Amino acid sequence: MDYKKKLKSRLNIAIIYIALGIMMIVGSSATKTDNDFISSFGFVIIIMGFVRIRNYRMITKNDDTIRKQEIIETDERNITIQSKAKSATFSIYTLLLATAVIVLSLFNMREAAKWISYSVLLLVVIYWICYLVYQKKL
Amino acid sequence: MVNEYTVNVKLTLLSAEVIFLYNRIRALRKENKVTQDELAGAVGVTRQTIISLENGKYNASLQLAHKISKYFDMKIEDVFIFEED
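Chains as they are written, first to last, in the numbering used here: chain A, 1 to 138; chain B, 139 to 223.
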């Protein structure tokens, strides 16, 4: 995909973020549910949308800034670093969850341990699905 | 081929065979009076990637190796040298 098109789609996503945020705030006050969580979440989404728009404007200042940003995003070393960081995060997170299951079981908190075990299981299932998909792709 | 500008990366394979990968990027850059920024821009990577390659911290992909060799108008095997132990 052309990088300029990619940037344009990011701008569209930012606009969707802002629209969603406004809808959440308006919806939460209109239904008089006084749901603080939904309105604050909407507020955060609006800010995220504006940050994305600001980034878009900074990147698309001129052709040179677009080219520089494209290089940063497509740089193979950066991609390798990201991939390694994600892999390490997955391993550490799984290990932490497994430790939490053991600790919670020791303190007889079976219900919490059960749900965390399910989340570990889900992670492993997702890992294997991804593994099989990439095995076919590569 | 191998000089003071050459760095080597030790690659250990599963079979315990040890291979050294040398690259001559720094030497070629100096010979051709090219800055890291210029080379990075020409091959579409960041300057940090060129620094890592020159310091032997990172191994280039085949695509990048091809682009770098093409930039210096050389063969891949003349820029990236494999040596078995």
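Everything labelled a hint here was simulated from the structure, so no lab data went into it.
Among these hints, one or two may not hold up.
Calculated cross-link-like contacts (lysine-lysine; reagent style DSS-like; alpha-carbon spacing at most 30 angstroms) [what the hints assert, rightly or not]:
no., chain 1, residue 1, chain 2, residue 2
1, B, Lys208, A, Lys84
2, A, Lys8, A, Lys61
3, A, Lys8, A, Lys84
4, B, Lys171, A, Lys137
Given the structure is predicted, the values throughout are model-derived calculations rather than measurements.
Verification of the supplied hints:
1. B:Lys208 x A:Lys84: It holds: about 29 angstroms lies between the C-alpha atoms, which stays within 30 angstroms.
2. A:Lys8 x A:Lys61: Holds, at roughly 13 angstroms.
3. A:Lys8 x A:Lys84: Answer holds: Lys8 (chain A) to Lys84 (chain A) is near 29 angstroms, not above 30 angstroms.
4. B:Lys171 x A:Lys137: Given that 30 angstroms is the threshold and the Cα spacing comes to 42 angstroms, the pair is violated.
In summary, the one numbered hint that this structure violates is 4.
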